[in-house]
Every structure is written in C-alpha cells, then in structure tokens.
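A.B. asks: Below are the chains, spelled out letter by letter.
Number of protein chains: 2
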Amino acid sequence: MINFQTSPDKYQHWKLTFDGPVANLSMDVQEDATLAEGYKLKLNSYDLGVDIELADAIQRIRFEHPEVKVVVLTSLKPRIFCAGANIYMLGSSSHAFKVNFCKFTNETRCSIEDDSTHSGRRYIAALNGTASGGGYELAIACDEIYLVDDGNSAVSLPEVPLLGVLPGTGGLTRLVDKRKIRRDRADVFSTLAEGLKGKRAKEWGLVDDYFPTSKFQESINSRVQEVAANSNDNVGSGIKLNALDPEVKPSGIEYKYVNLIINREQRYADLTMRAPEAGLPTSREEIQQLGDSYWPLQAFRELDHALLHLRVNEAEIGLVCLRTEGDIENVLAVDKTLTANQDDWLIREITLNMARVMRRLDLTAKSFFAFAEPGSCFAGSLLELLLASDRSYMLNNPDEAVELALSELNAGPLPMSNGLTRLQSRFVATPEKVDQVIAHEGRFDTEAAEEAGLITFAPDDLDWEDEIRVSIEERTSLSPDALTGMEASLRFAGPETMDTKIYGRLTAWQNWIFQRPNAVGEKGALTNYGKPTQAQFDFKRT
Amino acid sequence: MINFQTSPDKYQHWKLTFDGPVANLSMDVQEDATLAEGYKLKLNSYDLGVDIELADAIQRIRFEHPEVKVVVLTSLKPRIFCAGANIYMLGSSSHAFKVNFCKFTNETRCSIEDDSTHSGRRYIAALNGTASGGGYELAIACDEIYLVDDGNSAVSLPEVPLLGVLPGTGGLTRLVDKRKIRRDRADVFSTLAEGLKGKRAKEWGLVDDYFPTSKFQESINSRVQEVAANSNDNVGSGIKLNALDPEVKPSGIEYKYVNLIINREQRYADLTMRAPEAGLPTSREEIQQLGDSYWPLQAFRELDHALLHLRVNEAEIGLVCLRTEGDIENVLAVDKTLTANQDDWLIREITLNMARVMRRLDLTAKSFFAFAEPGSCFAGSLLELLLASDRSYMLNNPDEAVELALSELNAGPLPMSNGLTRLQSRFVATPEKVDQVIAHEGRFDTEAAEEAGLITFAPDDLDWEDEIRVSIEERTSLSPDALTGMEASLRFAGPETMDTKIYGRLTAWQNWIFQRPNAVGEKGALTNYGKPTQAQFDFKRT
Numbered sequence: 001m002i003n004f005q006t007s008p009d010k011y012q013h014w015k016l017t018f019d020g021p022v023a024n025l026s027m028d029v030q031e032d033a034t035l036a037e038g039y040k041l042k043l044n045s046y047d048l049g050v051d052i053e054l055a056d057a058i059q060r061i062r063f064e065h066p067e068v069k070v071v072v073l074t075s076l077k078p079r080i081f082c083a084g085a086n087i088y089m090l091g092s093s094s095h096a097f098k099v100n101f102c103k104f105t106n107e108t109r110c111s112i113e114d115d116s117t118h119s120g121r122r123y124i125a126a127l128n129g130t131a132s133g134g135g136y137e138l139a140i141a142c143d144e145i146y147l148v149d150d151g152n153s154a155v156s157l158p159e160v161p162l163l164g165v166l167p168g169t170g171g172l173t174r175l176v177d178k179r180k181i182r183r184d185r186a187d188v189f190s191t192l193a194e195g196l197k198g199k200r201a202k203e204w205g206l207v208d209d210y211f212p213t214s215k216f217q218e219s220i221n222s223r224v225q226e227v228a229a230n231s232n233d234n235v236g237s238g239i240k241l242n243a244l245d246p247e248v249k250p251s252g253i254e255y256k257y258v259n260l261i262i263n264r265e266q267r268y269a270d271l272t273m274r275a276p277e278a279g280l281p282t283s284r285e286e287i288q289q290l291g292d293s294y295w296p297l298q299a300f301r302e303l304d305h306a307l308l309h310l311r312v313n314e315a316e317i318g319l320v321c322l323r324t325e326g327d328i329e330n331v332l333a334v335d336k337t338l339t340a341n342q343d344d345w346l347i348r349e350i351t352l353n354m355a356r357v358m359r360r361l362d363l364t365a366k367s368f369f370a371f372a373e374p375g376s377c378f379a380g381s382l383l384e385l386l387l388a389s390d391r392s393y394m395l396n397n398p399d400e401a402v403e404l405a406l407s408e409l410n411a412g413p414l415p416m417s418n419g420l421t422r423l424q425s426r427f428v429a430t431p432e433k434v435d436q437v438i439a440h441e442g443r444f445d446t447e448a449a450e451e452a453g454l455i456t457f458a459p460d461d462l463d464w465e466d467e468i469r470v471s472i473e474e475r476t477s478l479s480p481d482a483l484t485g486m487e488a489s490l491r492f493a494g495p496e497t498m499d500t501k502i503y504g505r506l507t508a509w510q511n512w513i514f515q516r517p518n519a520v521g522e523k524g525a526l527t528n529y530g531k532p533t534q535a536q537f538d539f540k541r542t
Numbered sequence: 001m002i003n004f005q006t007s008p009d010k011y012q013h014w015k016l017t018f019d020g021p022v023a024n025l026s027m028d029v030q031e032d033a034t035l036a037e038g039y040k041l042k043l044n045s046y047d048l049g050v051d052i053e054l055a056d057a058i059q060r061i062r063f064e065h066p067e068v069k070v071v072v073l074t075s076l077k078p079r080i081f082c083a084g085a086n087i088y089m090l091g092s093s094s095h096a097f098k099v100n101f102c103k104f105t106n107e108t109r110c111s112i113e114d115d116s117t118h119s120g121r122r123y124i125a126a127l128n129g130t131a132s133g134g135g136y137e138l139a140i141a142c143d144e145i146y147l148v149d150d151g152n153s154a155v156s157l158p159e160v161p162l163l164g165v166l167p168g169t170g171g172l173t174r175l176v177d178k179r180k181i182r183r184d185r186a187d188v189f190s191t192l193a194e195g196l197k198g199k200r201a202k203e204w205g206l207v208d209d210y211f212p213t214s215k216f217q218e219s220i221n222s223r224v225q226e227v228a229a230n231s232n233d234n235v236g237s238g239i240k241l242n243a244l245d246p247e248v249k250p251s252g253i254e255y256k257y258v259n260l261i262i263n264r265e266q267r268y269a270d271l272t273m274r275a276p277e278a279g280l281p282t283s284r285e286e287i288q289q290l291g292d293s294y295w296p297l298q299a300f301r302e303l304d305h306a307l308l309h310l311r312v313n314e315a316e317i318g319l320v321c322l323r324t325e326g327d328i329e330n331v332l333a334v335d336k337t338l339t340a341n342q343d344d345w346l347i348r349e350i351t352l353n354m355a356r357v358m359r360r361l362d363l364t365a366k367s368f369f370a371f372a373e374p375g376s377c378f379a380g381s382l383l384e385l386l387l388a389s390d391r392s393y394m395l396n397n398p399d400e401a402v403e404l405a406l407s408e409l410n411a412g413p414l415p416m417s418n419g420l421t422r423l424q425s426r427f428v429a430t431p432e433k434v435d436q437v438i439a440h441e442g443r444f445d446t447e448a449a450e451e452a453g454l455i456t457f458a459p460d461d462l463d464w465e466d467e468i469r470v471s472i473e474e475r476t477s478l479s480p481d482a483l484t485g486m487e488a489s490l491r492f493a494g495p496e497t498m499d500t501k502i503y504g505r506l507t508a509w510q511n512w513i514f515q516r517p518n519a520v521g522e523k524g525a526l527t528n529y530g531k532p533t534q535a536q537f538d539f540k541r542t
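Each protein sequence line maps, in turn, to chains A and B.
Take 1 as the starting number for the first sequence in the numbering used here and just add one per residue.
Take 1 as the starting number for the second sequence in the numbering used here and just add one per residue.
Be a bit skeptical, because a hint or two may be false.
Note that identical chains are pooled: a pair holds if it fits in a single copy or bridges any two copies.
What the hints assert, rightly or not - Computed list of lysine-lysine pairs in BS3-like fashion (alpha-carbon distance at most 30 Å, straight line):
(1) K523 - K540
(2) K523 - K256
(3) K540 - K40
(4) K523 - K199
(5) K540 - K249
(6) K215 - K336
(7) K180 - K256
(8) K240 - K256
(9) K240 - K178
(10) K249 - K77
(11) K256 - K10
(12) K240 - K336
(13) K77 - K199
(14) K433 - K40
Just so you know, the hints here were simulated from the structure itself, not pulled from any lab data.
Because the structure is a prediction, the values reported are computed rather than measured.
Use the sequences and the hints to build the structure in full.
C.D. replies: Have a look at this one:
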C-alpha cells in the first residue's frame, strides 16, 4: 500500500530550507530509497515516492511558511538537476500504475502553478545541471528557468527519440501553450535527445537566461533577492500540517470527517463526508489557533487522501458513492466564514486547497454517484461533491425531507480545471440558470432541486433502494476503460485550459502510447532502454 | 487498395435526389456490398465504403447543387435509421484501420457542419427509425433532429454498455458541447444501451422534436418547406466534379498538379504541388466554365486524395516531404482572384474546400517537413503547406534565390481546426508578428524569412543535401506512435474548439480504448459482440 503522507523530517530525496522570504527546495535523490524493487534512482531521477515528497513540500510551504515569496528549485547533485521519471521504474510498472503515477506528478506540477497564480509565490528553477525529460517538465512548471552554462548542461525532452513515449507530464503542452515556443522549434526540441544548451535554449525560449558556472549561484541569488524585495505584505505565521491519523481497516479507512468503506466484491466504495460541528469560530485569530483541525482544512485533506488511496491502492474499485452527513447550517456557516475572510492568507489557502481537492476528484478515473438522503448536507462546499458527480440521486419523500443548499463557494472559489464552476459546467446550455440557483432564497427540497436541474433523479421511497442498487450494479458491470474515456469526455464541456489540455489531450495520447508494443512490447523502446539490444519498431503510422 | 473516389451513379448505399432547394440523402445500405470480407452491413450499419459515398454526396451537393438549401438525411429501411459503424467490421479490423476509419468518418461529419456553418445549408436528420451509435452520431452532426414516435424507435449511444468502447465519432463531445446536454444526463444516456424514445429524448435535448408515425413524413416536409422558404438567394447552376484521373504507379501517384512519390524502403514520401499556369481567368463566369479544372479546386482535390491514400494505403510511410514547383506570381494571382470574389458561391466553396483539405493535412498522422528550394513557390495558399509542416527547411544560397510570399489567404480564409490561422498558430507568443508578416511588402528571401520566423532552418548550399538527408533519416527512425502523439500535441497550441476536442481528446481516448484487452482482447466486449460467450473484464480502473 502506497503511503501518501510524509513530512520534512522524513524526506529522503528533498531538502527544504527557509531563509526569510526564500524557500530552497533542493533535490538530492537517494538512489536506493525507492518505492519498489528493481531500479535505482540515479541522477536525481524520480519515482512516485520522490514526487509525494515534492507535493508535500509545496503544500507545507503554503500552509506552514506563508512568509515565503520565492521558492528556488535546484539540485544538490553536481552537473545534474533532474533526469526525470526513472525509466527502469516506468519500464517495470503496470500500465495502470504508469497512468496513476503520471496523473499524480501532473497534479503536483499544476499545484506549483496554482500557488504561483493564486498565492503569488514565485517559483524559480535554478538548473545547476542538465534537466532532461521530467526534469525539464518540472522546470517548465516554474515561473522562471535559469540554466548553468558549463559547456555541458542542457535542457531536453528525450522521451520521443530515446524512449518512444511522450513527455507526458505536461511537457509538450507547456512548450507550446505556456512558454509559447514556436511549434516547429518545439518539434525539433522534442526530437533532439541531447537537447539544447544555454544560448540556443534561451533564444528559443526554453529557458529565461543562462549564466556561466562561476556566476551561476550569484546570478540566482540576485534574481531571488529582486523578487523577494518586490513583495512586502506582512502575513502572520503559518500553521502546522499534522499527519492525518485515520483508522485503517480491511474494509476501508475511517477519518475524522471522512468515512471510506470498500465493498471489494461489488467493486464500489462508499465515501461519506461529515459536516462540521456547530459553532466553529468565525474570526481569523481563532481559526489560526484551530490550525489544521479547522473543518474545511481537515475534511478536505482527508478527502484528498482518500481519493489518492482509492486511485492507487484500490484499482478495482470503479465507482464511488458519495454521501454527506450532518447539519446543513453548519456547512453554510463555515462557507460564510471562508467567504467573509478571503483577504486572510490562511482562509485563502484553505479555500484554494478545497478547490485543488475537488479538481483531484474531477480527474479521478472512477465513476462518482451522489446520493442525497435524509440527514445529508449537500450544501455549499459539500454540494460540490454532488455537482462533481457523474450523476446524482435525491430521495423524494414528503415525510423525510432532503434538502440541498448553495453558498458563495458554489459561485466561483472552487473552479474546475476548465476554469468553469461546477454549476457553470452543469448549465452550459442555460447559463442564466447559474445565477438563478445562486440567487434562490433558502434551500432546495427534492422537487425544487429537480425542477432547477440540480439533480439527475428523484426516486420516491418505494423505489429508492432498488434504484440505487440497480444503478450501482449496472455501473460496476461496465468496461472500466470505456467509462474512464467517457467520463473524461463528458465532465469537461465548454472551454479548455492548459490544465485540461494536459489531462485530456496529452494524457490520453500518452496512455495510448503507454500500451503500444513500440514502447512497452518486448522490443519496445521503453522496455529496451539501457539494454544492449536495440528497440525495434513496427513502423505503421496510426 | 481503398479507392476514395466515387460518384452518385456508383453509390451502393445512398440515394441522392434533388427537388429544387431540397436534397434527399437517403441511406439504404446494401448488406453484401462491403469493403472487406467477414461481415454484413445489416440494419444500415456502415463501413468505410458507406462513408466514402456519404462524404462524396456532401461534397457534390456543395459544388454541383448550389441551389440546395436543405439536406434531409433519412433511411429507406423501415424502422431503422442507422445502426452505426458495423461492429463485426470493427471487431475484425486492425487497430490502425479502426483509427483511420474513425478519423475519416469524423471528417465527414465535420464537413456537414462546415457546410452548415459556412454555406448556410441546413441539415435535417429525419429519423424514421432507431438511430444508434454512429447512427445517432450522424444525426447529431446535423442541425435538426426529428424522431419518429412509433413506440419503438429510439436514439442511443450503446457503445459503452454494449461494446466497451466510446461513441468516438464525435458523439460524446457533441452531446455536451454542441447540444449542451447536462453532463449527468449525458452520462445516463451514454450508458443506457436501449437509449431514449421521443418524449424523453426531446426533454433531454437529444432530439428537437418527435412525431407519430402517421404524421412523421408530413411534419418533416412541413419543416423542410419552412426552412427552404426562408432562403431565397439566387445562385447559378453548379459545376460537375469529375473523377480525378491520376496515373497510379508502383512508386507513387502522378496527378496533374500533385506528384506523390513513395520511397517505400526509407519510409517517406515526396509530395510536390505545382503552381497554376499563368493567365488563369479572373471573372466568375470564366471560372464557372473552367469548373473543376480550375487550379485551386483541382490541385487541392488532388492533394486531398493523396493524403487519404497515404493514410490508409501507405501506413508505413511516416514522413511526407512537401515541395512546391512553379511561379509564385501565378499562385498569388489565383489567390487574388479568390479573395476578390468571396461573395460568389463557387469561389467561396472552392476556398472552403481548400481549408478542409489543409485541415485534413493538419490531422494526418504523418510527419510533414517542407523543403523550400530554387524553383519552389511557397506562396499564399501553397505557403500554408509550409506553415502546416512540423518543420521547414529553406535553402540559403545567394546565387539561387528562394522566396516565400504571403497573400490574403494566409490571413483568415484557411483556418485550422482550432479556429486560428496557421500564422496565428505559429506566432502564439508574438501575435503582433502575424500582422507584420502580412503587411510585409513583396517576397521574403531566405534571410528575411528566417528573421521573420517563417521557417525553421536555413542551411546553405554546402550543408543542404546532408541536412535534408539526415533530417529524413532521423525522423523515420523514431517511434511512429510517439510521433503521432507528439504532433497531435504540438500542432494545436492556443484555443480549443469542438473539432479539436473531437480529434484531440475524444479520439485519443478512443484510440487508447481500442487497444485495451477489455475491448479488443479475446474476451473483450468488442470481440465478443454477437457471440454466445460474454465479455469478461479486468476491472482495474486506469
């Protein structure tokens, strides 16, 4: 079972140090500290374990060190920044693991850009050596890239020429959509195993500048000071992100606010989120004191953990049934506090984290059904669970009222990867309905919810159990691959962004290639990497 | 060898009749008239041969019958409109063929929408029986969908529940992006093998209306008359699209304006387009008289044919080297005529066809390199070949001038699938350069072209031959799959449209699924369709 929790005192591959407004995040991968057998993490190459630490570090900078204005990513190894995902790890992994590994590393890189865009932290990739493949993809997720000019170090994406796969962790998309490299130059660069060094790399826009070895550190420092000096808002001190301490049982995981039950034989999970208690504090000071036990932070950290666990450790679970439990008023009260304090750094970080977790859910290759039953609290932030679901069922029983409610959090702060809110995605045909449901006074009972188009089905109590049972049985009987492709297509109507291009287009092509004999067959390029034999291709173009 | 040329007198599966402003395009698939052995085209199911006729019919309506304002798609078979792509054909086809088949059928459906959007013809799907799978995908490419209410007929997308693959001919994307069906309803519909009948289909937006059997024909007629009456522009009579008559040789195909040479052992092709002759007519009347022998029509029809041939009949050719031959002035003169006469229906159709052919090239899974050499004429419409290429080489030799030139056709009329011109795609980083190169007076010699960013490389005459040779050898040595995924990612920077979502996202997922054992394995759903054995899935979600 892969453990997604870690903390700096346990890092094996990264050093995280702080110097006032500057965080130094330095890669120093321990070759033998791998997540699985059969490969060594040479040359700062990485496996999922390395990336779990990176994701944790970014998360901690945001919550524990709000004073940080600049994050410098560099390497502690001489002449190499990072050689990317470990090829032998990829070569020996199952298709499903490769796909999940890439998704997680993509989310980590998007979380860097999320921090940069929304929290104004500047990420500087200080390439003190070669950045190849995933190494350059990590750099290109940063705001600025500087390369040492030592006559040897280069940036490169050697995946296509050397491995017969794509730079699929956003690399190709960020080349043309983020750095806006001319497409013919991107073509040349992406087929050039050795990559480009300082001068031409700068000319083509692959790096922002390059400095000779003797001046590299000094130039980086000077740029870092420049950026750090430009920002002078005083924020309070951070809060500690303590380890979640869930009870792990054979049948699932019990967290404080999230309960995950695995119905292994029937291949579905029940995931229930509990509302906050009544009377949570409304002032920033009190919330700061509560720290990571404040409901919207703890509950969504737990949800995040449960989603990652489901993805990687519970591959056969194809459907997640989402439920909520508790008092709608308590959820809305928290949403109100969050909305009223968006100028507070901590409240903003808490909200941005909720948004990232919800996007993790949107991008999870499992079906999600929401069931709104008596005692449920699909309101505000928790209503997003229902809106994110592939479909929803709400009991229609006059004797046992079930209600939904909206809050300001449904109107913008928790956007999907495509930039739309989940309400906007739901009502692409009738955008005026978005404002109508937001302006609606009070809660929606089942009939009002159905009328407003907020739910899919509203069975009455006679039909409820049968309908739920049949819907679960039907869903879990379908081809898991077809469902993954279908959901990836139906969940993201409307506009596209760089993120959706990465997860939808680039990832889909990479997953296709990850199955092709030319990559993973006995004589495929990925399989053959590092072996004395040469890759052999079936040259039919598809 | 698959023949992409046909004409109504040869149709086996469609009846095309005309009644003033109305064209009736009726499907009546002959079961035994298949393109390959091993399957029967029951229930108006289709294979590539059926779709080649459909594509031809749409093309002929546009050129031969400009008086047509409404196209009615219906079926001559009772109780069935169309059952979609033939499952047994798909089940017995190679992966590469499936992918190319879907790409062509996608292009045909996009050509319906292109006609509707740009030439104002209205397409009405008169579903006199069930439209399932590709049958509904054909309907959803039309502007209006009417379903008979006979107690039995339905619209459905049974691919996911029955076959373990996607409705990949645009179906999923058009559900949520064109008809803007709510995503949860799209989810339900796409997993419901039996589909939905009239009332609910209308309620959910899947059809525009439904009529009882007794009133179906009358209601369709009345709607058709209504649409036809609304349009009263008088256009001239059409021109005949005669069969292209190329010389097919073992080493390639020689058309009048296009020469295709297959270097089979080295796995690349040389494709050269020739400029028009001097002194082509500039008046509409004379052009009308020239008909399909007018250069921009004939040359781009030939290019289209060569591209389809390369895709389907020359799978191992991974690289196409594009060259042009002739007088730049003659190309520019034609462009000038086309630009000056955009209000003429024929000139507009000729230009729209050029745009479609260029998009076919953008979407072809082969690498394209352009080589600008002495005697070449990469100007205006032919410059698009160079701009569409993955990279370009232009000889830099003061003794033998090579020049590029722009025309109005580079500024808008030939957009890519993403809605951008190829110049805009090239200069996403520096949009001001688009206007600069368009405003540039006169031609670009090699140095000016390099300076302006129009070409990738400008080798001098000492290096030219070696550089070309090495670039070809390198490209054809790479994994063809990785190149396909890379090019699909790098060619389409910037915005996305429904078309690019279909070709980029939906198609990539479908191609992935088309390789999965759950679909095409021995016990996969596609393989097992119609057999007494049941599909068996590996339920791991990926």
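A.B. asks: One pair to classify: K240 and K256, alpha carbons no more than 30 Å apart. Within, between, both, or neither?
C.D. replies: within (18 Å within a copy, 74 Å between copies)
A.B. asks: For K215 vs K336, is the C-alpha pair at or below 30 Å within one copy, between two copies, both, or neither?
C.D. replies: Neither: 51 Å inside a copy, 56 Å across copies.
A.B. asks: 30 Å Cα cut-off: does K180 pair with K256 within a copy, between copies, both or neither?
C.D. replies: The answer is neither: 45 Å in one copy and 39 Å across copies each exceed 30 Å.
A.B. asks: Taking 30 Å as the upper bound on the Cα-Cα distance, should K523 and K199 be classified as within, between, both, or neither?
C.D. replies: neither (37 Å within a copy, 55 Å between copies)
A.B. asks: Quick one: K540 to K40, C-alpha cut-off 30 Å, is that within a copy, between copies, both, or neither?
C.D. replies: So K540 and K40 pass the 30 Å test across copies only (28 Å; inside, 34 Å).
A.B. asks: Up to 30 Å between alpha-carbons, please classify K240 paired with K178: within, between, both or neither.
C.D. replies: Neither: 33 Å inside a copy, 47 Å across copies.
A.B. asks: Within a copy, between copies, both or neither: where do K249 and K77 come within 30 Å Cα-Cα?
C.D. replies: neither (41 Å within a copy, 59 Å between copies)
A.B. asks: With identical chains treated as interchangeable, where does the CA-CA distance between K433 and K40 reach 30 Å or less: within a copy, between copies, both, or neither?
C.D. replies: Classified as neither: same-chain Cα gap 55 Å, cross-chain 48 Å, threshold 30 Å.
A.B. asks: With identical chains, the pair K523 and K256 could be close in the same copy or across copies; at 30 Å between alpha carbons, which is it: within, between, both, or neither?
C.D. replies: neither (49 Å within a copy, 43 Å between copies)
A.B. asks: At 30 Å max between alpha carbons, let me know whether K240 reaches K336 within a copy, between copies, both or neither.
C.D. replies: Within one copy only: 24 Å inside a chain, 69 Å across chains, cut-off 30 Å.
A.B. asks: With 30 Å as the alpha-carbon cut-off, assign the pair K540 and K249 to within, between, both or neither.
C.D. replies: Cα proximity of K540 and K249: across copies only (21 Å, versus 49 Å in one copy).
A.B. asks: Regarding K256 and K10, is the shortest C-alpha distance of 30 Å or less found within a copy, between copies, in both, or in neither?
C.D. replies: Within. Shortest intra-copy distance 24 Å satisfies the 30 Å Cα cut-off; inter-copy 71 Å does not.
Of the numbered hints given earlier, the model fails hints 2, 4, 6, 7, 9, 10, 14; all others are met.
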